[in-house]
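Engineer: Residue numbers (my numbering), protein chains in the order written: chain A, 5 to 230; chain B, 3 to 312; chain C, 6 to 245.
If you are wondering where the hints come from, they were derived from the structure by calculation, not from laboratory data. No experiment lies behind these values; they were computed from the predicted model shown. Where a beta carbon is used, it is the ideal one built from N, C-alpha and C, also for glycine. Accuracy of the hints is not assured; some may be wrong.
To be verified - Here are the simulated DSBU-like pairs of lysine-lysine, each with C-alpha atoms no more than 30 Å apart in a straight line:
| # | chain 1 | residue 1 | chain 2 | residue 2 |
| --- | --- | --- | --- | --- |
| 1 | C | Lys119 | C | Lys242 |
| 2 | C | Lys119 | A | Lys122 |
| 3 | C | Lys119 | A | Lys158 |
| 4 | C | Lys79 | A | Lys122 |
Claimed, not checked - Just a sample of chain A residues kept apart from chain C, beta carbon distances all over 10 Å, derived:
| # | residue |
| --- | --- |
| 5 | Asp16 |
| 6 | Tyr25 |
| 7 | Gly50 |
| 8 | His51 |
| 9 | Asp56 |
| 10 | Arg184 |
| 11 | Phe187 |
| 12 | Lys192 |
| 13 | Lys211 |
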Amino acid sequence: MIITGTLVAPGDKVLDSIGNYRMGNGLYEANRRIFASVAGYVKVYGHKDKSDNLVQVIEVRRSEDQLENELLPYDGAVVTAKVMAVGLRYRHFFILYLRDHSRFAKCDIISIGDRVYKKRFSALLPKKKLRPLEPELSEPFKNFVRPNDYILAKVCDDAGIKDKFVLSIAEDELGVVLCRGKFGETMKKVDWNTVVSTRTGKTEPRKMARVPQKCMLPSDLKDSTS
Amino acid sequence: MEINLSDDEKLFLIAGVEADIRNDGRSCQDFRTIVLERGVLSGTNGSCRVQLGQTTDILTGIKLELESYDSATEKEAKQPMQFHVDFSANASSQFAGKGGDQYGEEISAAFQVAYSRSLDIMSNLSKTHLAEGYRWKINVDVSVLQWAGSIPDAISLAVIGALSDLEIPEVEVAPDDGGKVSIVLKRPRIGGNVRDEEVPVQMWRLDVQSCPLLLTISKIGTANLVDCSPEEECCIRSQLLIGIAKSVSTPGNDTYQTTCIKQLGGGLLEMESIENMIEMAQKTSIGLYEALAKRLKAEEKRKPGHSFLL
Amino acid sequence: MPTIRSNLNIPLTHLSRIEDDQMEAIEMDKRSATTFRPLCVKCGVFGAQDGSGYAEFGNTRVLAQIIGPDGDGKWEEDHAKITVTLKGLENEKQIAEYRAELMSSASSVIFINKYPGKVIEIEVTVLSDDGGVLSAALSAVTLALAHSGIEHMGLTASVHVGMRANEDYITDPSTSESADTLGGVTFAFVPNLSQTTCVSLYGRIPIEATKSLLEFAKQRAIAIVPVLHKAIVNSIKEKQ
């Protein structure tokens, strides 16, 4: 029996069989034995699953902090992304709407929390993930986000798209945190659905994020990106 | 040509192979029909075309070059053959553009390894060394015209065919001023009214009966296969490229040497499987050497000046 | 058990301190058929960056760096693409040969299905070549993989073994030592699964002797496992 905190290298046998544990990250099964697939330490923790049963999860972690632990944006992570383009069709998804063709916004993930990646990961923001509880949205994309906006979004799982990360802003806390107008001027928030240009006074629709105070403020983000 | 097999088709193929029945009716250790023709390219010193199962098509040409080298820096005799494998974009869509470059480099590197000790293996190859600082360089250029599996096997047959077709001029080496040598083509003396230039140069040929063969042995399911078709190549778990040379030091009592083993294309292998695969390669090579020798003896020369495509 | 020369300090700094000729002289008279040249392995060479490894077998020194997994905007398959670049060797044929072997070995251990649409770049730099480059490179890559946090099946232990004409073996021969060998093999395998990831045999080995040569190579590879393991565990400790 291996104890919590044991240091393991990839390929080290962690358990003879999975038994009553649930397999977490950093492990794989071969010949019914459980081996580590990354270098790190073994951690066992209790976890309540969907039917509220307490299960013991065993996993190998590289470090205590989950951000350090994951190499890639993981499911459920809140990320900062930049909208690169709206309206691109993605591979075998076809145009369904005549009025507004856009089905996806193409985004680049810049950071998870305050950890900035060296390279940007491309991600997709599908239209059905724009507003909560409204999968068949008829409003055009530009009422929510426009190219060059910075957004807070959550990484979520999509069965159809495997090679790119799928983002969602279908929560009040998620949405646009920084946007600029035609001339590069700052757009100020009027309410949660409108912004106004500081130069021309023109208003534009946006889905703004209600960023909780303990998280990074939009003004902080502005400093770091401008 | 891109092959897309569904999972069920793959399962059918794997189950068949494990029962020693392949989709085209062969058993696991059978080759497809091999067609070998020599003397197909007039611009080369030796050439050969090999067809495997009517679809894989390889063209090999050899050019000779008199090379001078610095004998002071090269202490050990280097083997004179240089390989270059080129994938035609016509062979398969995956080789279009620069697609085939990397694979071609890998295969030519494998041949370089397999032939690296050929000076010790092939009996009269050392004759290419003419004098201190001078030798024949043998450039072997391989073009893959059509791809349908088992490229290395077909190339190795084509290389041997071309080497057997290769005619190397006999030369006379005479010492010259300043410690150098002069190399003159050797012509038999006929006498009479014939001018020297009109007498054909004496030629000699390489002894190819112990040339290394390169075989790919593939593992599909639990079975080992030779000469995989493109469909079978989709199901390969792992593959060994095995170079085997027959040494004929004692007549009638052939021994075999491995000149190269490479594990290619990813995939894991058990020690035991490796041993079985080497054994299989040896068994296959016996038959292949026999068939090759027979063909090389019986083959008629083509008429020069005709394209090999006819 | 192989000898370990340094206590895992950053080896790049002491590259200049080793007198190459002197080391050759010492090792020549001390080594038996089963001992390695003095070796030094390190998991994580550049402190701040993830995914680097260094292996030194005698005077052969190889550095490996892994970049990724990243998206490159073009690759859209449902598994990761692995690319290998090899620097520091002059012979192009050799580069092509080693690159194929490294690629094959790395792609067989990495769980490529866990990184769809991503590219994993492996950069191998040969700092100096004195025989056994491929096995040193394989070791450096496995250390870099462990340091990068990319999920894979386990460390690969690799070794270069030569065979002399009288069927004597020599472990990890340097260039001068392998001059009189019949041939040799670079062998790499994953110890926990007991599966090989790389076999690269050259020269002319009688077919009957091939099996025992591979078996000997496997035994030698097993001997190197604890060294690699220790280097990896040390790197985790350092991190904490």
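Engineer: Okay, which hints does this one fail, numbers in order?
Structural biologist: 5
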